[in-house]
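Trainee: Generate the whole structure from the sequences, applying the supplied hints.
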Amino acid sequence: MDQKATHAAAMAGEDEGKTAKKKSASICGYPISIFFIVVNEFCERFSYYGMRAVLVLYFKYFLQWDDDFATTIYHTFVALCYLTPILGAIVADSWLGKFKTIVYLSIVYTLGQVILAVSAIHDITDANRDGVPDNMTLHVALSMVGLSLIALGTGGIKPCVAAFGGDQFQDHQEKQRGTFFSIFYLSINAGSLLSTVITPILRAQECGIYTQQKCYSLAFGVPAALMVVALIVFVVGSGMYIKTPPQGNIMVKVCRCIGFAIKNRFRHRAAEFPKRTHWMDWADEKYDKLLIAQVKMVLKVLFLYLPLPMFWALFDQQGSRWTLQATTMNGDFGFLTIQPDQMQTVNPILILVLVPIVDSLLYPLISKCNINFSPLRRMTVGMVFAALAFIAAALVQLQIDQTLPTFPSSSEGQLKFININNRSLDVTAGTNQFTLGAFSANEDYLTFDKPFDVTGDSLVNTSETTLVKGSRSTMVIIPDGLRYSLVQFMDITAKPEQGANAIRFFNGLGSALNVSVGSLDLELIGANNMSGYAMLPKGTSQFLVRSGTDECLYSQDLGFGSSFTLIIPPTFAFGPNCEQSVQSVVDIKPNTIHMAWQIPQYFLITVGEVVFSVTGLEFSYSQAPSNMKSVLQAGWLLTVAVGNIIVLIIAEAATLPDQWAEYVLFASLLLVVCVIFAVMAHFYTYIDPTKIEAQFAQKDPKEKEKEKRKSVEMSRKDSVEQRKENRRSSDSSSDEEKTKQTKI
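The sequence shown begins at 82 in our numbering and counts up by one.
Some hints could be false.
Listed next, the in silico DSS-like pairs over lysine-lysine satisfying Cα-Cα at most 25 Å (straight line) [to be verified]:
| id | residue 1 | residue 2 |
| --- | --- | --- |
| 1 | 381 | 344 |
| 2 | 367 | 334 |
| 3 | 381 | 367 |
| 4 | 356 | 344 |
| 5 | 324 | 181 |
| 6 | 670 | 550 |
| 7 | 550 | 619 |
| 8 | 381 | 356 |
| 9 | 344 | 334 |
| 10 | 356 | 370 |
| 11 | 531 | 550 |
| 12 | 256 | 334 |
| 13 | 344 | 181 |
| 14 | 381 | 772 |
| 15 | 367 | 344 |
| 16 | 324 | 344 |
| 17 | 550 | 497 |
| 18 | 370 | 772 |
| 19 | 497 | 531 |
| 20 | 497 | 370 |
| 21 | 356 | 377 |
| 22 | 370 | 381 |
| 23 | 772 | 334 |
| 24 | 367 | 356 |
| 25 | 670 | 377 |
| 26 | 344 | 377 |
| 27 | 324 | 356 |
| 28 | 377 | 367 |
| 29 | 670 | 367 |
| 30 | 334 | 377 |
| 31 | 334 | 324 |
| 32 | 367 | 324 |
Hints were generated in silico from the structure; no laboratory data involved. Predicted, not measured: the structure shown is a model, and the values here were computed from it.
Mentor: Rendered as structure tokens:
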């Protein structure tokens, strides 16, 4: 299915040469030990997907990385998570066994989660207690160490846990084993779904010792705690497990066979050596023909895997680009407010709905229509749906871009005017002429690329105005006796992050004021002065304006990503209707495109995922030799890793000015790859690995006689060698006896 299904299927590899299993205690025909394994998997998946749900926002808002670099590191991490399963499989099958591999790498995994949670505590380097870490290098280093350990841990145990669960069943428990894998997969989806809902809520909380900031440490800390629980639960069941010893890794054998064939072919590249039917036949001198035939089947499928990474390149951007897109949208659903990283839950919810519909309704309906909807054709259709999802994302991005403010370039400055006088004023700024009403501002910022003069009725302007390049500022026109003077204040030059709202006050009174909102104090605001910005969440914020014993309560409704300057005019007076005097000036409009517009793109990508991923896993399983299904699962995981590498390459290399253009680029690349895959699929011939293996299992009589003769010759040779060895041993014993007698 998605990567959660890939995770489950990849771990459910075939185990060969198993020793006789001991009987274990059971409940309703199921070994008690599997309940520890299912709980372990639920906690581990909660830990992984919970951490991953908020990871790209942590990169952007805590570590202060830009969108491209945050996307690059995110996909590098995901790629590592899908490269390390190969290492885990080799370690488990060739050295430690599944149980010890799971335990040791779970310890590494847990340590990584703890380190990542510690890295998100801003107070550990916030010496001046301003809410911003003073040593960002330390936080980045801890984050990278933590993520590296997590990638090693989660990837290393990926090929072990489900297969270890399958080991707990006896041969007569095939039905229970099948049910176990269904329950196991359910635990994966339950863990990922719950964590994707819960951890963004934890991230949105504010915590800290000295200053209150977004609580990434809690969002990472809870998954770390769940990983500790997963490890403890798994170890507690140790005495009940059937632990199969390492049997040797088939992937190593396959790689050696391929390596020998290539090397042997290179040695015999001269024209006098006769050609062979298949290049793998050059391994015939050293390896069994059955193994060579099995490797040929595997390579045939792996060749089809070559175009598949492009699908995953698009699919995994749900956690990066699409999440960043959601930060510029409106998450107000009326009865609840959705955080940007919570939109990822749409995918698992749709999976639970679409899988039974596709399997039980869509495929049978297509079959009744006598349409040959083969597995490879299904995968091609899945790619098309993924490309359409990115076209939908591009259309949404175009709508978002129309609502975003135009910020100044590095060679420009922008300026807005506010008139806090009780009458209209005519103002000329450079070539711009406009009229400002009483206690109001011009609607849009004016852009200037060179110094300019500001003139108007009774304005005091002693010098030419020069703006800081790449900045935004507000120029307030305030009374100055019978004339007016200009005071300039710097504004923010980006949308408030994480859907927050930037609010500040201008005090036009002749005396200082205190303004507070909740527990946040904007400190003392002097006469004709501007406060700093307060970052406030969506909802109705109530501001308490105080001067001595006088108080005024002002309310402002806030959306997502806006910025306001609230003017307290010179005519302001405390009293019953004091809040009506406060004037609100919009500097940056709130997000207006609703997050619900992302649902179509999530629907399309999920349809593509269900058709592509489930079919791909089933196809790989059906076309794989009986003892090499794990090799193809490793190859499938490798396509996920390569897909994420493609994203980080394009994110760094493609310098597209607009995000919608990048979405179209990815969609176009996938459609091109889709055509290539369709051509490859057209020429693919489906096989039955069982029949092919049966042909090689029944050897030719001459081949058997040849092997028998070779065995007899080896026995004779061993016999001669043994007699020589005995003679040497006898002589050695005699010499040793003589030495002993001499010593005595």
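Trainee: Now, for every hint given, state plainly whether the structure supports it.
Mentor: Evaluated hints:
1. 381 / 344: holds, 20 Å
2. 367 / 334: Answer holds: residue 367 to residue 334 is near 12 Å, not above 25 Å.
3. 381 / 367: holds, 22 Å
4. 356 / 344: This hinted pair holds, its Cα atoms lying about 15 Å apart.
5. 324 / 181: Judged against 25 Å, a Cα distance of about 9 Å means the pair holds.
6. 670 / 550: holds, 23 Å
7. 550 / 619: violated, 31 Å
8. 381 / 356: holds, 20 Å
9. 344 / 334: Holds, at about 15 Å.
10. 356 / 370: Holds - the C-alpha atoms of residue 370 and residue 356 are around 17 Å apart, at most 25 Å.
11. 531 / 550: holds, 9 Å
12. 256 / 334: Given that 25 Å is the threshold and the Cα spacing comes to 32 Å, the pair is violated.
13. 344 / 181: violated, 36 Å
14. 381 / 772: holds, 16 Å
15. 367 / 344: Status holds; Cα separation ~12 Å.
16. 324 / 344: Distance ~38 Å between residue 324 and residue 344 Cα, so the pair is violated.
17. 550 / 497: At roughly 15 Å apart (the allowed maximum being 25 Å), residue 497 and residue 550 satisfy the hint.
18. 370 / 772: holds, 15 Å
19. 497 / 531: Holds, because 16 Å separates the two Cα atoms, which is no more than 25 Å.
20. 497 / 370: violated, 80 Å
21. 356 / 377: holds, 17 Å
22. 370 / 381: Roughly 17 Å separates the two Cα atoms, so the pair holds.
23. 772 / 334: Satisfied, since the Cα-Cα distance of roughly 22 Å is no more than 25 Å.
24. 367 / 356: It holds: about 18 Å lies between the C-alpha atoms, which stays within 25 Å.
25. 670 / 377: violated, 61 Å
26. 344 / 377: holds, 17 Å
27. 324 / 356: Between residue 324 and residue 356 the Cα gap is close to 47 Å, so the pair fails against 25 Å, i.e. violated.
28. 377 / 367: Holds: residue 377 and residue 367 sit about 16 Å apart, inside 25 Å.
29. 670 / 367: Violated, because 72 Å separates the two Cα atoms, which is more than 25 Å.
30. 334 / 377: Holds - the C-alpha atoms of residue 377 and residue 334 are around 14 Å apart, at most 25 Å.
31. 334 / 324: holds, 23 Å
32. 367 / 324: Roughly 33 Å separates the two Cα atoms, so the pair is violated.
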